[in-house]
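Trainee: Chains Z and C, in that order, give the protein sequences. full-length UniProt numbering puts the first residue of the first sequence at 1, with every later residue one more than the last. full-length UniProt numbering puts the first residue of the second sequence at 1, with every later residue one more than the last.
These are computed hints drawn from the structure, not numbers from a lab. All clues stand as given, with none of them false.
A pair counts as met if it fits within one copy or between any two copies, since identical chains are not told apart.
Below, in silico cross-link-like pairs of lysine to aspartate or glutamate (DMTMM-like), each with a Cα-Cα straight-line distance of 20 Å or less:
| id | residue 1 | residue 2 |
| --- | --- | --- |
| 1 | K307 | D208 |
| 2 | K91 | D71 |
| 3 | K388 | D284 |
| 4 | K248 | E270 |
| 5 | K209 | D289 |
| 6 | K91 | D75 |
| 7 | K74 | D60 |
| 8 | K404 | D153 |
| 9 | K264 | D398 |
| 10 | K412 | E115 |
| 11 | K29 | E359 |
| 12 | K307 | D170 |
| 13 | K278 | D377 |
| 14 | K91 | D80 |
| 15 | K264 | E192 |
| 16 | K412 | E41 |
Listed below are the residues making up each chain.
2 protein chains.
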Amino acid sequence: MQKPSLPKGTRDFGPVQMARRTYILDTIKETFQLFGYQQIETPAMENLSTLTGKYGDEGDQLLFKILNSGDFLKDVSSEDLEKGSGATLSKVSEKGLRYDLTVPFARYVVMNRNELTFPFKRYQIQPVWRADRPQKGRYREFYQCDADVVGTDSLVCEAEIVLMIRRVFDRLGLKDYSIKINNRKILTGIAEAIGEAGKEGPLCVAIDKLDKIGWEKVQEELIQRGFSQDSTVKLQPLVELGNDIFQKLETLKSFLKDSEVGQKGIAELEEVFEILSKMGENLDFVDFDVMLARGLSYYTGAIFEVKVHGVSIGSVSGGGRYDNLTGVFGLPGVSGVGFSFGVDRIYDVLDELKLFPAESQRGTQLLLVYFDASGKDYALSLLASLRKAGIKTEIYPDEAKIKKQLEFATKKEIPFVGICGDQEIKDQVLALKNLSTGEQEQLNLPEILKRLT
Amino acid sequence: MQKPSLPKGTRDFGPVQMARRTYILDTIKETFQLFGYQQIETPAMENLSTLTGKYGDEGDQLLFKILNSGDFLKDVSSEDLEKGSGATLSKVSEKGLRYDLTVPFARYVVMNRNELTFPFKRYQIQPVWRADRPQKGRYREFYQCDADVVGTDSLVCEAEIVLMIRRVFDRLGLKDYSIKINNRKILTGIAEAIGEAGKEGPLCVAIDKLDKIGWEKVQEELIQRGFSQDSTVKLQPLVELGNDIFQKLETLKSFLKDSEVGQKGIAELEEVFEILSKMGENLDFVDFDVMLARGLSYYTGAIFEVKVHGVSIGSVSGGGRYDNLTGVFGLPGVSGVGFSFGVDRIYDVLDELKLFPAESQRGTQLLLVYFDASGKDYALSLLASLRKAGIKTEIYPDEAKIKKQLEFATKKEIPFVGICGDQEIKDQVLALKNLSTGEQEQLNLPEILKRLT
Chain Z
1 MQKPSLPKGT RDFGPVQMAR RTYILDTIKE TFQLFGYQQI ETPAMENLST
51 LTGKYGDEGD QLLFKILNSG DFLKDVSSED LEKGSGATLS KVSEKGLRYD
101 LTVPFARYVV MNRNELTFPF KRYQIQPVWR ADRPQKGRYR EFYQCDADVV
151 GTDSLVCEAE IVLMIRRVFD RLGLKDYSIK INNRKILTGI AEAIGEAGKE
201 GPLCVAIDKL DKIGWEKVQE ELIQRGFSQD STVKLQPLVE LGNDIFQKLE
251 TLKSFLKDSE VGQKGIAELE EVFEILSKMG ENLDFVDFDV MLARGLSYYT
301 GAIFEVKVHG VSIGSVSGGG RYDNLTGVFG LPGVSGVGFS FGVDRIYDVL
351 DELKLFPAES QRGTQLLLVY FDASGKDYAL SLLASLRKAG IKTEIYPDEA
401 KIKKQLEFAT KKEIPFVGIC GDQEIKDQVL ALKNLSTGEQ EQLNLPEILK
451 RLT
Chain C
1 MQKPSLPKGT RDFGPVQMAR RTYILDTIKE TFQLFGYQQI ETPAMENLST
51 LTGKYGDEGD QLLFKILNSG DFLKDVSSED LEKGSGATLS KVSEKGLRYD
101 LTVPFARYVV MNRNELTFPF KRYQIQPVWR ADRPQKGRYR EFYQCDADVV
151 GTDSLVCEAE IVLMIRRVFD RLGLKDYSIK INNRKILTGI AEAIGEAGKE
201 GPLCVAIDKL DKIGWEKVQE ELIQRGFSQD STVKLQPLVE LGNDIFQKLE
251 TLKSFLKDSE VGQKGIAELE EVFEILSKMG ENLDFVDFDV MLARGLSYYT
301 GAIFEVKVHG VSIGSVSGGG RYDNLTGVFG LPGVSGVGFS FGVDRIYDVL
351 DELKLFPAES QRGTQLLLVY FDASGKDYAL SLLASLRKAG IKTEIYPDEA
401 KIKKQLEFAT KKEIPFVGIC GDQEIKDQVL ALKNLSTGEQ EQLNLPEILK
451 RLT
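One chain only, chain Z, in its complex shape:
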């Protein structure tokens, strides 16, 4: 007899995990909806022609491919076999599992462009699959939770992303975090201003290590990456930026005074802050991080990243503005801004900080228990009224020792049991026992409904 197992890098979610995940996702969904975002879903499988070439060579390697149905080898010759897997792939597979939610969303927008109402605000919460080497915190199947608005350049969207993140974190009880924000145009401007135009990529990679290795080592690395001595000296003022957002903006304005694109980036960022202010909001949790880069090649405007402080997992959300979501599918000029909550990471953070409220994993509220057949009949007669009142109620289905029934309630973390004994039947009440305090009261049905709803 085989012993079953799970494929490497995949997970089951049991009742407690599911309840907690639902708690997180419901908070996020409610927030998205409050801001006018609408949910869509796309299929797990996409044509390989849709998926390949979008994630770089490395990404293509990590796509899970679906074997063609039926006689999948019918077009494969022994010459193909010699050429190897790469050359033969297209003959045995034409579909793959989605690698993210962005490419399927782009495909969806292109295929439905005539029916959609723009600006189109969508959210999407579905698993994605990557044939990555599994390791702690990295899975081959995991949920992504994306919100994007496409078809508008309005910076109101950027401001609302900040507000959505704040609302979700507030609801989840997270109090110590930063929403790092930057603008790709500022990065481009910095590279220009130090005389290394176009090199913002390596610049960010090196500067990102500032906290860890210090300014001198960063300078060394920049020079190794081909930056001139002079350019690294020019960078100096950016290393000494303080924490005040408006101070930073002033410093940058003078630093980027000769870079048109840089000035544009500053203006965009200032407008986002101004919109927040018009909305009566402050800049709590917002951190202007001049060197924040994240997937540089894709973003063209705002860049976001959310870090929770004081936990082993840092980044839990990120995103940014892009100019050209759908160009690769023949529809140019679709710009938008989006971001993504890392559900697995938020789960781990809440777990580490013990922020899951007890209610978040509570299922059944009341278990009816009994000693004998007449007690069971009495319990059965009460169920409809309890459930009609919305009280999640179970009856222990088998006649069993009361101890076993109580153990069942404890294991399932059911907070109350309703004991149906002879006296209770006679008095037409329930002995309602709170399993965490041990308190027990004889209550009639209306009293129980009042207590538990």
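Here the structure of chain Z is known, so what remains is to put chain C in place on it, guided by the hints.
Mentor: Below, chain C without anything else, positioned relative to chain Z:
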């Protein structure tokens, strides 16, 4: 530039479809939870060793297989090529997409048997994949929505399944349907009673056509399938059963008087009805269908099927009791009862009967529109209060003609717009316009909160 497309047999769900699906699934989830069922999720991919051999040869053919990552051809020789796809499969693929939720659930129970609290009531709502030939109403990716309780033989579970179906259908506004119920042991008994023990399979297939082809043709078919003339004559009383459940039970009792298993089946069914009666419930919508079979080989006790009347799609839910969920994974004796809601079919039925409430697809409640920059600033200043009160509110992000903004609201089916003109700013009110009636009123913020919450 490539024109993107969807793989055959797969679908996108846009905002309206998703909202309606969510309405159905929320109704089902709420009901499952009210009865103490807990949600789990399992991975999309399972090892092929878990999946194959569970669904018959035909099912194995319909499994989507995942190509091994990396050099998938490394173990394939040219002799393998000659032997063909069947012989080579295990060398290029070791995982597949789940075909249903039952086998993954069985695997889950076996792998977690020491942690689970039995009786274990679980529900699971996830897509499954089958490489079926796509046709109207049949997809290669579709959601299943299963509830099972395992680790108990109590017939309370059967009674509660009837109640859960009734609650879901009541909430969805479905009024004309039957919950067909039968018991596998009755079918076994009937085959015994007519002297054709063990032939309940072909018996049911033939009798199932009674309504369509009539009793004479059914008899002919039975004889073709190897039944004796005598046995078909003995069947006669079952063809003439009336509609009354208790009448049917009485007839069957005498028909099955010499079949021990048949008597047991009747007793079980009677007990389910008795439990319902003890719960203060009637047998509304319950239809004892003596010939109901459904996946005969699997079920050992109760069998359920739900049909909606007066619509093109009939069966929308089904299930039954089984003795041996996990035997194939080395854990014998796990009995239980489960059923499944066909979400796609319920969707089509509600659509056909126009039963989706308008609220079920409503997202944003209020769009703030404006004529100029000062109107936009005013709108921005109102958003926080509206959203804080839980009103799903959007602002049109770009400064655009008011006509365009109103069109956006209409297309997105937003019921109210709040017009922010100069007079409104002066009076610190909003012109709240109901887009379906055309009514318009000047209301201040507290009045609007009162109106829209």
